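Grab the two chains, each in its own frame, and use the hints to assemble them into the complex.
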Amino acid sequence: MRINRLKLQFFRNHEETEVQFAPHLNLFTGPNGAGKTNLIDAIHYLCMTRSFVASSDQYVAHHDEKYFMIDGDFEGEIRSSFKVSCSYSRGEGKKIFVNDSPLDRLSDLIGMIPVVVLSPEDRKLTSEGPAERRSFLDSMISQISPKYLRDLIKFRKIRKQRNKLLQEYQGPLSMLKSYLEPWDVQLAQTGTAIIFKRAQVLEKFKEYLAIQYQSITGLNLEPTLRYESICDKYDSHEQIHEEYVNQIESNFEKEAEREQTIIGPHRDEVVFYLGDIELRNYGSQGQHRLFSMALKMAQLFYYSDELDDLPIMLLDDVFGNLDQQKIDVITEALTKHSGQTFITSASERPFDQEMFKGSEQNVWFTVENGTVSSKF
Amino acid sequence: MQITSEALERAIEELAKLPGTGRKSAQRIAIHLLKQTDEHVSKLADALIQLKKSVTRCSVCGTITDTDPCSICSNHKRMNGVVCVVEEFQDVYIIEKTNEFRGRYHVLGGTISPLENIGPDDIRIKELLDRIADEDESIEEVILALNPDAEGEATSYYINKLLKNYEIEITRIAYGIPMGTELEFIDEATLSRAFASRTSF
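Protein sequences, first through last, are from chains X and D. The numbering of the first sequence is UniProt numbering, which starts it at 1 and goes up by one. The numbering of the second sequence is UniProt numbering, which starts it at 1 and goes up by one.
It should be emphasised that the hints constitute simulated quantities derived from the structure, not laboratory data. Please read all numbers here as calculations on a predicted model, not as lab measurements. Note that the Cβ used here is the ideal one computed from N, Cα and C, for glycine as well. Careful: at least some of the hints might be erroneous.
[Said to hold, decoys possible] Which bits of chain X does chain D cover? Going by a derived footprint, with three or more residues having C-beta under 8 angstroms, they are:
{"#": "1", "segment": "137–150"}
{"#": "2", "segment": "182–192"}
[Claimed, not checked] Selected chain D positions facing chain X (in silico; Cβ < 7 angstroms):
{"#": "3", "residue": "P114"}
{"#": "4", "residue": "L115"}
{"#": "5", "residue": "P148"}
{"#": "6", "residue": "A150"}
{"#": "7", "residue": "E153"}
{"#": "8", "residue": "A154"}
{"#": "9", "residue": "Y157"}
{"#": "10", "residue": "Y158"}
{"#": "11", "residue": "E184"}
{"#": "12", "residue": "E188"}
[As the list claims (entries may be wrong)] Chain X is nowhere near these chain D residues, computed Cβ spacing over 10 angstroms in every case:
{"#": "13", "residue": "A16"}
{"#": "14", "residue": "L44"}
{"#": "15", "residue": "A45"}
{"#": "16", "residue": "Q50"}
{"#": "17", "residue": "P69"}
{"#": "18", "residue": "S74"}
{"#": "19", "residue": "R131"}
Next up, chain D with everything else stripped away, as it sits in the complex (with noise of 0.2 angstroms):
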């Protein structure tokens, strides 16, 4: 094979590292980018740069944002006595999405997990005990809501037990069954844990 654009072949290789794309993909990017207009291109570039440059985490509560403190961390709107604990960024756009929740929230950004090297001093638990100590945030409750594997309950096992020594009602979201399911499609193990986690009519 001889190739005639070293230029095309640098794209195709950089498309082909992100998620999802394979060569195939890349090559079909590539190959659309070319016949773009120059504007165009250049749009994409720049929002690209863009999304490196502007985005920061923010101080308070951890989640990607363009502005520091967040818009979520900086509303008075919202309760300022409640903090959602999630595992990732992404957690708080799923939740924000719902509408409900209506206090703030902390990302841990990530989980306790000894395979892969991350131990509770890895992910942001101290600044949440931080939070909770900082009389300004009048945190009245913590609401823990990782996801239900072994590392999102081992985690969540240990930030409860830390959390024991501070005067806050520490609570978790239910286990239960999706909407617009049926029972019979249900697993086991969800329903019995529906079950153990029934509320009152």
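With the rest of the complex left out, here is chain X (with noise of 0.2 angstroms):
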């Protein structure tokens, strides 16, 4: 997959910039505040219908202006040619449209352009609590499996109705219980096919981190993780599917007394290990730094193995801190990936001019000021 032009109307500090893409690596340099990172924040907009920098869309809107708008023309392997919309406006929110019919729900685009991104945010992946994990998780499950998808707003829909009951019931247990079954009857059978995806997709995700882990550090460390949910084994639907409906039952007044929902997938947790540690506990600021990279690395080559069309690859300020080493080695793993990848960068030493000069595949743009202009 991959975007040939990019137009954007007050997004951010670009008031109207339109943009000509390279079908390979497109770099942009500048200083900082220039509106790199503006530039594929607007790409995951048309990606993920929302922003990997901000919280809220308000945000995202040029300083005096009360609506921004981004156009993409994209191209891909099964759909060789469409555009994609995204316009927001205080009074009437966020619309997506697909060659220019509106989307009646925006998680409909989730998928269509497969995206990933390597920022310096990563690093809350390994630090932070396991809120930061499964929502890595489920964006990357999501844009291969619109079901998954699905199923997920679809139990947070029953849990909050579940809450609901178990905050405000106010009569005898007995009844609250009858009033429960209904939504446990779909609480059980959402949450075992989230949990049944999710160990799925980690056992195949979990060989690719070993290979990318250890391309980047070139260290023996062998990374693991083991995924941790509401049994020891996720052999099989089924199994998954008895043990939750035992759990709701065994957890009854556990939960009537708490007032919320305590079993099921919104409580699980990944865990990771270099070695024998475990890495959110033990390891150096360094190692996190690596294996939060060697993560979105490994969902890049799972992507391009799984899907149809290879995945955008977004890549925001993340070479200032690495050694020229690193450097070398994450470039070299861009270049076996042959889709469409957009790097933002302050400083222009990593880069070798040579593979821009002259190139059709891969282009250089400088950007100041929210313009942008190639280098060459």
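Right under this line is the structure:
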């Protein structure tokens, strides 16, 4: 999959910007605050319906404006050419259009244009709480399985309904139980589907992770991961479902007392290890950074094998903190990835001009004050 | 801004409260009405007043009607033994348009949703049980035709459980592939459900 043209209106510091991209490597250099990250964040909007930097759409509109607009022309293996647009205004909120017709649900866009982002924020993945890892996992699986995303949305709804019952119900416990039952059945059904899928994906994903970690670090420390959910084994759907139903049953009183749903994939954890040590508690800063980088590179190559379309890769300001040897490893890996890649960097030093001069595959852009121009 | 007609302003405000009408459309409608003849506008006003005055709920099935019981419940040619349970009266209208279903209806008036403070007692489940217990109705089959979302499923489940105590058949409408589409455009969830509830050829 690749994006050939991007047009922005009032998107952060881009008042009006239009750029034609190269099919392989697109490099953006320029001073801090020039608008480099904003460019690739706009691409991220067209893939995932939201920013990978800002928490809310309203901060994304250009300072004086109440709306923004992003337009992109894409080209893929299955759909040879299509247009995706995203518009936001304070009154009407966010809308996504594919070939000018609006999507009923924003979530219908996800998976259409697979994307992988590497950014300095990634260190949270391994160093912070389990919610970070669940959201990485959810975003990774949602892009390859629309059913998974639908299950997630449905599960969230069921859990909300169920929590409300647990919080507000005042009558006898036996009545509460019969009111919960219609939700319990669906909770177990949808929750099982989520857990089973997570286990399946992680089983494959960990092989990619091992390869990427070793190629980035050159070390023999084997990275592993353990998926922790409601049971010990995740081999079959039926087995997980049975366990789920049992645990809802045996935790009824606890849930009634705590007034919330405590059994389910919303409490899952993925524990990362380097050799024998648990990364989150004992890893050094450097190990965290390289591990999270390996996670994203693994996602890239996992997608490449799993999907018909190669993912779009976005690297935001990740070269600044790396030594030249690591930079070389990453650049080499990216050259192996024949899909489209976008890189932002404040420094020009790590990049070889010869790769861009006279090339039709790669373009080097310089960005200044929200204006983009090609360097050569 | 200075307003020269308080009446126009009031009409716009009222119209703007309608679903799907913003202030701009409301303005257009109000100005359009101003240009019409008195007779035309009176007809519209009368239709609106009658809508609220004469439309009531059918005391049997709960759908909207001008006469109680509604024309479906009082039609002796329809199969008395089969009752189709739906969420809202619009669903009756939609199913009727197919001309396929010849039984009668039961409108719940919503689905169970704790988030909106709607429990089983707030929708017409008790009325359904009364109808089943009523020997004059002689109901033999209940078809559940609720939306396949979390709330619809929960409500279907709840009703199904209650009805198991009665000697009647409980069915639900099938999940499947919409007509006139191609398989490649069907989402996975629908397709896997369609497989699970496949029928013999």
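Of the hints given before, which are not true for this structure? 5, 11
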